[in-house]
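Peer 1: Chains as they are written, first to last, in this note's numbering: chain B, 2 to 352; chain G, 2 to 352.
Since the hints were made in silico from the structure, they are not lab data. Because the structure is a prediction, the values reported are computed rather than measured. Among these hints, one or two may not hold up.
It does not matter which identical chain is used: a pair holds within one copy or between any two.
Simulated pairs of lysine-lysine, DSSO-like, Cα-Cα distance not exceeding 30 Å [as the list claims (entries may be wrong)]:
#1 Lys-140 - Lys-166
#2 Lys-130 - Lys-5
#3 Lys-51 - Lys-133
#4 Lys-124 - Lys-59
#5 Lys-124 - Lys-140
#6 Lys-334 - Lys-124
There are 2 protein chains.
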Amino acid sequence: MELKDMVGNIKPVDGSYIEIAQRRLDNLTKPRDSLGRLEEFAKRLVAIYKNEMPDMPKKAVFTFAGDHGVADEGVSAFPAEVTPQMVLNFVNGGAGINVLAGHAGADVLVVDIGVNYNFEDMKGLIRRKVVKGTGNIAKGPAMTRGQAEDCVNVGIGLAREYSGKGYMMFATGEMGIANTTPSSAIVSVVTGIEVAAVTGRGTGIDDDAFRNKVRVIEEAIELNRPDRMDGLNILSKIGGAEIGGIAGLCLGAAEQGIPVVVDGFISTAGALIAYLMEPAVSDYMFPAHNSVEVGHRAMLEHMNLRPILDLDLRLGEGTGAALAMTILDASLKVYREMATFGEAGVSEEGA
Amino acid sequence: MELKDMVGNIKPVDGSYIEIAQRRLDNLTKPRDSLGRLEEFAKRLVAIYKNEMPDMPKKAVFTFAGDHGVADEGVSAFPAEVTPQMVLNFVNGGAGINVLAGHAGADVLVVDIGVNYNFEDMKGLIRRKVVKGTGNIAKGPAMTRGQAEDCVNVGIGLAREYSGKGYMMFATGEMGIANTTPSSAIVSVVTGIEVAAVTGRGTGIDDDAFRNKVRVIEEAIELNRPDRMDGLNILSKIGGAEIGGIAGLCLGAAEQGIPVVVDGFISTAGALIAYLMEPAVSDYMFPAHNSVEVGHRAMLEHMNLRPILDLDLRLGEGTGAALAMTILDASLKVYREMATFGEAGVSEEGA
Numbered sequence: 002m003e004l005k006d007m008v009g010n011i012k013p014v015d016g017s018y019i020e021i022a023q024r025r026l027d028n029l030t031k032p033r034d035s036l037g038r039l040e041e042f043a044k045r046l047v048a049i050y051k052n053e054m055p056d057m058p059k060k061a062v063f064t065f066a067g068d069h070g071v072a073d074e075g076v077s078a079f080p081a082e083v084t085p086q087m088v089l090n091f092v093n094g095g096a097g098i099n100v101l102a103g104h105a106g107a108d109v110l111v112v113d114i115g116v117n118y119n120f121e122d123m124k125g126l127i128r129r130k131v132v133k134g135t136g137n138i139a140k141g142p143a144m145t146r147g148q149a150e151d152c153v154n155v156g157i158g159l160a161r162e163y164s165g166k167g168y169m170m171f172a173t174g175e176m177g178i179a180n181t182t183p184s185s186a187i188v189s190v191v192t193g194i195e196v197a198a199v200t201g202r203g204t205g206i207d208d209d210a211f212r213n214k215v216r217v218i219e220e221a222i223e224l225n226r227p228d229r230m231d232g233l234n235i236l237s238k239i240g241g242a243e244i245g246g247i248a249g250l251c252l253g254a255a256e257q258g259i260p261v262v263v264d265g266f267i268s269t270a271g272a273l274i275a276y277l278m279e280p281a282v283s284d285y286m287f288p289a290h291n292s293v294e295v296g297h298r299a300m301l302e303h304m305n306l307r308p309i310l311d312l313d314l315r316l317g318e319g320t321g322a323a324l325a326m327t328i329l330d331a332s333l334k335v336y337r338e339m340a341t342f343g344e345a346g347v348s349e350e351g352a
Numbered sequence: 002m003e004l005k006d007m008v009g010n011i012k013p014v015d016g017s018y019i020e021i022a023q024r025r026l027d028n029l030t031k032p033r034d035s036l037g038r039l040e041e042f043a044k045r046l047v048a049i050y051k052n053e054m055p056d057m058p059k060k061a062v063f064t065f066a067g068d069h070g071v072a073d074e075g076v077s078a079f080p081a082e083v084t085p086q087m088v089l090n091f092v093n094g095g096a097g098i099n100v101l102a103g104h105a106g107a108d109v110l111v112v113d114i115g116v117n118y119n120f121e122d123m124k125g126l127i128r129r130k131v132v133k134g135t136g137n138i139a140k141g142p143a144m145t146r147g148q149a150e151d152c153v154n155v156g157i158g159l160a161r162e163y164s165g166k167g168y169m170m171f172a173t174g175e176m177g178i179a180n181t182t183p184s185s186a187i188v189s190v191v192t193g194i195e196v197a198a199v200t201g202r203g204t205g206i207d208d209d210a211f212r213n214k215v216r217v218i219e220e221a222i223e224l225n226r227p228d229r230m231d232g233l234n235i236l237s238k239i240g241g242a243e244i245g246g247i248a249g250l251c252l253g254a255a256e257q258g259i260p261v262v263v264d265g266f267i268s269t270a271g272a273l274i275a276y277l278m279e280p281a282v283s284d285y286m287f288p289a290h291n292s293v294e295v296g297h298r299a300m301l302e303h304m305n306l307r308p309i310l311d312l313d314l315r316l317g318e319g320t321g322a323a324l325a326m327t328i329l330d331a332s333l334k335v336y337r338e339m340a341t342f343g344e345a346g347v348s349e350e351g352a
């Protein structure tokens, strides 16, 4: 199937399920709406699943890894060799995402979609390399349009494959030294907000490096002239492989009727690319948290999404998304397990 | 031991443990501080436990139930009979707190400290009744100073007893029809903010009932003249039995070196009473969430505490605290389980 045909099949969630879920929630032993956003989440999950009483979902965090030619411009506090080192840390279970996915009862699926390193075949690493690092966007495009489409198709393919394996909740995550740089470029292009206002400190750069980062992003946009209405064009000109994989995972989740918890700044840039391709995809997205990265909020507002957590996180990997999955699980448990007024013999409001 | 002697033994946490924990966190495979508030929580837990590598804690939510004479004034959307009905719902496992404590891996301990109903002896109900409902604060004091002290001692006693049983993390919760009314009265008296600005809709009253609620609280303060510097005086004049139990649990937790996750509006009123008795108790408190109730924020600011979650909750029972416990558990897991740079062979920042 062509990507544009696949995207055309994504439909908004069915509002009638929201009403069905609301009726059940209003009959549980609590004042109406008193569980606030937990009720909002449960209703949307019921609508996504088209199931009045969904099972507790099997969960996976997809951590896409890719390198960025723009790391040569000194935009990150860490050297590029850290990307493959961290991939091995994920595979060996020692990273933040391993701990927090374990806490959430989710599996971590590590995907090499664009790392500038030749990994051996190993258990726990999904090898779907499209590029060996992107081009330096300060000097030219990140990749070709065909490569960008391949990255998105990797994400779609994984969504279909793991849906087939019984997973019913996905989260996005990423690793890629310098990847806040293309992400800030994407926010600025899509929202029209100036680069300096949507660029942050990434993993922790100083004032001089920050000014340099803003200049590099401005030059990359000026040089590559991405088309702000065309997600694939933006992805190819100033994006990244892992950002494309995340966009594809979001599209694939929507196609499969599976909720996707979108992690922080870089993941949301991927979600925004998917949203440009089909706005209905946002019905399936749960934004995990409000990142410390300043451009994050602008993207969420653009898609009219409100984050679940606000814990000053800026690690990426899918860590915030894994934590947010525990809240979504809680919302489904409340919906499934609480007693009704009738069952518990409790008097209703105004009685 | 006299209450004032016990309170005098509560000490601020030992800052040297904060530094010990910081050193470990900075050596884990992540950019410094990139796990934001999770790192803040882990550091404070290490300091509370005075243990460089704490075990994962056994957890308990204490849901204190009490009735309020002021319910006669029409300040709640639910009838007073709902208090004992909900106590039975807690004991039978059907309420929101049962579901969310189960999600957090915490036990629910239901405490009758002031319900206007004679419960049979039953498994799962801790019977520590001090009053059979408080007096109507619009007509006189809620209880005597001796009864208020007894309520606080119930909380302290439970903290000691369950500390002895190996529990290492407590959460507060409550049930009591009309108990947002004394809570708003407490906020107004302690912070000096006018009643209308710290009074909310409780479980869901309309405009007329809201105006009546504000008037009732103003009259209760005018009539009882609580001393804003004296926690026990405030508790006896315009408080409630479950609010006193929560104050005691907070004091007892601090005495025992156990963190206490403080739920929403009513629980925070209890925490505020404890804080008036000994400000150092706030070192042991983790405020669970930012309640919809408008007076909640004023109390948190008074104690210089920042909530963990913001999910528009207003159910009480300890539901927000149970959810917040899952975040604290996550912070400890990160601290305990992540690989260090050396272990994982990952290059450090600026390398």
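Peer 1: Run every hint past the structure and note whether it holds.
Peer 2: Results of checking the hints against the structure:
Proximity of Lys-140 and Lys-166 under a CA criterion of 30 Å is satisfied in neither setting, with 42 Å inside one chain copy and 65 Å between copies. Taking the shortest alpha-carbon separations for Lys-130 and Lys-5, only the intra-copy value of 22 Å comes in at or below 30 Å, while the best inter-copy value is 67 Å. In this homomeric assembly, Lys-51 and Lys-133 never come within 30 Å of each other (Cα to Cα): the closest approach is 40 Å inside a single copy and 48 Å across copies. When the C-alpha separation of Lys-124 and Lys-59 is checked against a cutoff of 30 Å, the pair qualifies only within one copy, where the shortest distance is 20 Å, while the shortest distance between copies is 34 Å.
Taking the shortest alpha-carbon separations for Lys-124 and Lys-140, neither the intra-copy value of 36 Å nor the inter-copy value of 72 Å comes in at or below 30 Å. Only between protomers do Lys-334 and Lys-124 lie at most 30 Å apart by alpha-carbon distance; the minimum there is 24 Å, versus 33 Å within a single protomer.
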